[in-house]
Amino acid sequence: AQSVAQPEDQVNVAEGNPLTVKCTYSVSGNPYLFWYVQYPNRGLQFLLKYITGDNLVKGSYGFEAEFNKSQTSFHLKKPSALVSDSALYFCAVRHVYGGSQGNLIFGKGTKLSVKP
Amino acid sequence: DAMVIQNPRYQVTQFGKPVTLSCSQTLNHNVMYWYQQKSSQAPKLLFHYYDKDFNNEADTPDNFQSRRPNTSFCFLDIRSPGLGDAAMYLCATSRPQGARFTDTQYFGPGTRLTVL
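For the protein sequence lines, the chains are A and B, in the order given.
Residue 95 in the numbering used here sits at position 95 of the first sequence; the count goes up by one each step and never skips.
Each number in the numbering used here comes from the position in the second sequence (counting from 1) with 116 added on.
FYI, nobody ran anything at the bench for these hints, they're computed from the structure.
On a predicted model such as this, the values are computed, not experimentally measured, just so you know.
All C-beta atoms, glycine included, are put in the ideal place defined by N, C-alpha and C.
Mixed in with the good hints, there may be bad ones.
[Unchecked claim] Partner residues aside, some chain B positions facing chain A, computed with beta carbon under 7 Å:
(1) 161
(2) 177
(3) 223
(4) 225
Using the sequences and the hints given, assemble the complete structure.
Structure follows, in structure tokens:
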């Protein structure tokens with residue numbers, strides 16, 4: 001079964017410091033991986049995705065993610081965190097086999113808190 | 117700007133009273149999704165339309181129905197809302213292009229449903 005795990009419920013970072021939000025996946029075949037951010041009482045905003053090619057994917061708002069096939073990880077990173085980055089972050093993998101083809105499988109989310 | 121719009125943003129209904137949530141899009145995407153998201157949890161897919169083809173998730177209760185009268189609009193009908201149906205309901209759209217399952221889903225701001 002395909003799945004995605006976000007091992008941290010919450011990540012705390014000081015403003016200006018680098019941040020990492022972790023994601024690991026389990027899929028059959030090539031993974032299609034996505035990161036979304038959700039601010040309070042809002043929908044999900046797309047940040048970036050990995051389909052193929054360069055392992056380092058750059059996205060919106062200065063975020064990037066590194067695809068690591070051997071570690072089955074797709075961690076979200078930013079070199080310098082902002083207080084406005086505080087939000088809920090979801091990693092997702094596309095379901096490519098079986099009865100729910102095409103569906104996004106979300107991790108449980110990681111709450112990022114950036115303190116001034 | 118092209119976007120996904122959900123109305124209303126906040127909806128209050130009474131236990132057992134039918135309610136309809138609306139989603140419209142100006143992206144001209146042919147796939148539209150409805151998700152249910154309970155407090156700080158991952159979104160859960162209820163169903164989706166690929167053009168006019170309706171695809172229901174196996175565990176979506178019969179209480180939830182959907183209509184898509186045209187490309188731009190999609191409705192979520194809850195026939196007899198229970199207290200457990202209080203949640204954020206998210207609409208998303210995508211346009212499959214090229215390789216399968218690489219398209220990005222774009223989300224609306226959501227409708228928060230309260231059941232009294």
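Hint check against the structure, violated hint numbers in rising order:
Structure breaks hint 2 only.
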